[in-house]
Structures are given as C-alpha cells and as structure tokens.
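Here the protein sequences come in this chain order: A and B.
Counting from 115, one number per residue, gives the positions in the first sequence under my numbering.
Counting from 26, one number per residue, gives the positions in the second sequence under my numbering.
Don't read these hints as lab results, they were simulated from the structure.
Do not take every clue at face value.
To be verified - List time: in silico DSS-like cross-link candidates among lysine-lysine, alpha-carbon distance up to 25 Å:
1) Lys232(A) x Lys35(B)
2) Lys146(B) x Lys123(B)
3) Lys232(A) x Lys133(B)
4) Lys165(A) x Lys100(B)
5) Lys123(B) x Lys232(A)
6) Lys156(B) x Lys145(B)
7) Lys146(B) x Lys232(A)
8) Lys232(A) x Lys100(B)
9) Lys105(B) x Lys232(A)
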Amino acid sequence: MNYAFDYGWLLEYWPVLLKGLAITVELTLVGGVFGVALGVACAWARALGPKWLRPIVTTYVEMIRNTPFLIQLFFIFFGLPSLGVRLGELEAANLAMIINLGAYGCEIVRAGIQATPKGQFEAGASLGMSRIQTFWYVVLIPALQRIWPALSSQIVIVMLGSAAVSQIAAEDLTFAANFIQSRTFRAFEAYFVSTAIYLALAIALRQMLRGLGWSLFPKRSGR
Amino acid sequence: MSLIEITEVKKRFGDNEVLKGINIDVEPGEVIAIIGKSGSGKSTLLRCINGLETIDEGSISVAGAQLLPDELHLKALRLKVGMIFQQFNLFPHLSAGKNVMLSQMVVKKTPKAEAEEMAKKMLERVGLGHKFDAYPDQLSGGQQQRVAIARALAMEPIALLCDEITSALDPELVNEVLAVVKELASEGMTLLMVTHEMRFARDVCSRVVFMHMGRVHEIGRPEDVFANPKTPELKQFLGMQH
Ligand SMILES: Nc1ncnc2c1ncn2[C@@H]1O[C@H](COP(=O)(O)OP(=O)(O)OP(=O)(O)O)[C@@H](O)[C@H]1O
Ligand SMILES: [Mg+2]
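Build out the structure end to end from the sequences listed, making use of the hints.
Okay, structure coming up:
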C-alpha cells in the first residue's frame with residue numbers, strides 16, 4: 115500500500131463542502147419538521163380519524179414504505195413534470211423527504227397512540243372534550259414520548275438517506291463529495307471527509323432530538 | 026322533575042343484553058349507592074349516563090338535558106355530570122394543577138388565570154393544595170384519585186358518577202378518598218356511586234340500588250335494604266360480603 119494521502123484540496127474546496135453541509139442540514143430540518151407533522155396527522159387519521167380517510171392514508175403509507183426512496187425522488191422530480199408539476203431539485207428533495215418520513219413516522223406514531231390506555235380517552239370525554247381535543251391535549255404528548263427513540267432514529271435515517279438527492283443534482287453534502295472527487299481524483303479523502311461529516315451530523319442530530327424530548331416531555335420521577 | 030331520570034334503559038353488547046330496562050329517578054342532593062355482583066351491569070349503567078356507552082332503548086336526561094349521541098348534546102350532558110374512574114385516569118404528562126386546569130380551558134374556554142385559581146381551590150378542597158406542581162406518578166393512589174375528583178369538580182358538575190373509585194387503592198388509602206366523597210355529599214352534591222364499601226353505603230347514602238342481571242332488583246333506603254333484603258339474590262349478595 116503506497117497510496118499517499120493528500121488533504122491539500124481541502125484548502126480550496128472547503129466552501130463546497132460547507133455549502134453541501136448547509137443543504138443537507140436544511141433538507142433534514144424541513145423534512146424532519148414537516149415529515150413528523152405529516153406523520154402525526156396520518157397517525158391520527160389511521161388510528162382515530164374518520165372511516166373514509168383511513169384507506170386513503172393506508173394506501174399512501176404502504177406505497178411509500180414498499181418502494182425505494184430513490185424512485186420516489188425520481189418520480190417527483192422527473193415524473194411529475196409530465197403532469198405539469200415542475201419542481202426545482204431542492205423543492206423536489208424537500209417534498210420527497212417529507213413524504214417519506216411522513217409514511218414511516220405515521221406507523222411509529224400510530225403505535226404510540228394505540229398504546230394509550232382507554233381510560234385516557236374516556237377521561238377526556240367525560241370532561242367534555244371533543245375527540246380531537248382529547249387527541250391533541252391528552253393523547254398526543256404521552257404517545258410521542260412513548261415512541262420518541264424510534265421516531266428519532268427514523269429522522270436520522272431520513273437524514274442519512276438524503277444522500278440520494280445528489281442523484282437529482284440537489285447540491286447536498288454527497289453531491290459536494292462527488293464533485294470534489296471528480297475534480298481532484300482524491301476519492302478516498304473526499305469520501306472520508308464527507309463520511310466524517312455525516313457521522314458528526316448524525317451524532318449531533320441524535321443529541322438534539324434527545325434534548326428536544328427532554329423539553330417536550332415533562333420531567334417525571336421515573337427519570 | 027328529578028335531576029337525573031333514567032327510563033326503561035336497555036343496553037346490549039352483541040347478543041348480550043346487559044341492561045334490561047332500568048328505571049331510576051335521582052333527586053338533587055341524593056347519594057345513591059349501586060351494588061351488585063360482578064357483571065350485573067353497574068359500570069355499564071354509569072357509563073351510559075355519561076354517554077361513554079350509547080343506549081339501545083329508553084332515555085336518560087340530566088337536569089332536563091336529554092342524552093343524545095351527537096357530540097354537541099354529549100358535551101352539554103358531560104358538563105353537567107362528572108365521572109370518576111376506578112383507575113383515576115389522570116393525564117400523566119400534566120401536573121396535578123394542570124390536570125385540573127386543562128378541561129376548564131379547553132372546554133369552557135376559561136382564561137388561564139381563572140382556571141388556575143379554580144384548580145387551586147379544588148385541590149385545596151380535596152386536601153391537596155400543596156401538590157399543585159406534582160406529577161401523577163409522584164402521587165399515591167389515594168392522592169391521584171383525589172386529584173381526579175378535583176378535576177371533575179372544577180367543571181362545576183351538578184352530579185358525579187363514581188365507578189368503584191376506591192377499588193384500585195391499597196386499604197390504608199381508601200378512607201382519605203371516602204372522606205372527600207363524604208364531604209361532597211354533605212355539601213349537597215348529587216352522587217351515583219358503584220361501590221363495594223358497604224359501611225360507607227350504609228352511613229352516607231340516601232338510597233341503595235341493588236342490581237342483578239341487568240335489572241334494578243331492589244331499591245330503597247340503606248337501613249331497609251341492608252337490614253331487610255326482600256329477595257334471595259340480595260340476601261345471598263349481602264351474605265357474600267365481609
Ligand atoms: N365494551 C363491552 N363489550 C362487550 N361486553 C361488555 C362491554 N362492557 C361490559 N360488557 C359486559 O357487560 C356485562 C356487565 O358489565 P359491567 O362492567 O357493567 O359489570 P359490573 O357490574 O360493573 O361488574 P364489576 O363489578 O365486575 O365491575 C358483563 O357481562 C360484561 O362482560
Ligand atoms: Mg364495574
């Protein structure tokens with residue numbers, strides 16, 4: 115093995131990496147926030163919503179969970195324009211991530227809702243709350259608390275999966291790495307650095323989600 | 026007109042007719058104990074009064090408000106009748122104070138400061154003024170049940186339904202809850218309670234309802250019901266106690 119490592123290109127190309135990182139972070143934030151919101155809405159619909167809505171949501175969830183993310187992304191970016199819906203690569207990437215996390219998040223959050231003791235719904239009802247009010251004020255927070263670790267993992271998975279958006283030329287971190295290695299022919303170094311950044315990003319994201327959990331859910335004597 | 030009028034109420038679960046024509050009229054300020062064997066339909070009756078179960082036949086009205094199964098009527102009815110459950114059913118993510126505040130703010134749109142004031146008053150009333158910020162899992166079963174009572178009271182109901190509210194409690198915690206109920210009774214609250222506490226029923230209640238196989242088998246003042254049970258079923262039931 116006489117390969118000479120060379121990280122000199124970093125001097126020249128760090129702004130490219132930084133921009134890629136920024137886009138990956140943006141995709142993750144937008145995808146995370148709206149994806150979780152969509153997931154919660156769908157979980158409500160599947161677990162407690164009106165009967166007519168359930169099969170629609172189920173179809174959506176199963177379609178997304180049983181097809182590759184890359185195909186979903188291509189469909190949105192290359193397929194939809196045939197219907198006159200033309201999205202930029204970032205918009206398409208955002209949308210694909212929201213839709214993807216929405217489906218997985220739906221199943222995770224639904225498990226949390228279904229573990230709610232019946233008495234919680236009855237207590238809400240007996241106090242005069244409507245079904246929606248009971249869901250929103252009584253059921254949701256403990257349900258999220260129950261599945262927070264699983265949901266956090268899914269968000270991290272979606273962040274890592276965002277690497278696929280480089281395939282539609284969204285200039286994320288993976289796109290930057292590809293770009294740099296094609297210019298410098300330093301494949302090992304370029305992917306090594308981007309791997310390290312993804313790793314750091316994933317760890318930071320997990321920590322952030324844990325912190326969010328702490329502030330979202332009350333401190334309980336059990337902790 | 027009685028405060029609560031239960032007329033010819035029938036309730037089926039599939040083929041299983043659980044209530045077979047119940048008639049009870051409750052006057053304001055009455056404290057009614059409902060006793061009977063497991064499966065006789067006591068819980069189902071209370072749950073029907075609160076609209077947690079729909080009835081198949083008959084009618085229920087509370088202070089003139091008819092029980093109808095749409096959300097608007099249900100809400101109107103539930104504002105008049107509070108319910109306390111065997112398992113307390115406190116909201117685990119909210120402090121005791123917030124448990125008592127929530128429905129006031131959400132259902133009655135009471136401003137926060139007012140709801141807080143009311144919550145303090147009601148927790149005070151059940152002897153838990155100092156536990157405003159405690160979470161349910163930091164409270165004993167007896168304390169949790171008293172918070173649940175405070176939570177129901179904060180909605181200012183005209184009647185309370187209690188379904189075996191001391192059955193999930195350790196024996197030494199039963200009395201603190203019964204004391205609160207006794208206090209409410211003496212203040213004139215109308216109470217319907219399913220209970221296995223026969224002493225309590227005898228001492229506090231104005232009437233006792235003995236349910237058997239989905240019917241009101243005997244009804245009367247506690248001294249009569251307990252001292253002179255008329256039917257063999259009640260005799261047997263009372264014999265089984267203690
Ligand atoms: N949701 C339900 N679905 C089907 N059957 C039910 C349901 N709830 C109650 N039942 C049945 O109705 C009957 C009466 O039940 P209920 O809970 O009212 O009895 P209970 O007098 O309160 O008994 P316990 O003293 O054990 O609490 C029982 O046979 C029970 O199996
Ligand atoms: Mg019962």
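| query | Which hint numbers does the structure go against, in order from smallest to largest? | reply | When the structure is compared with the hints, only number 7 turns out to be violated.
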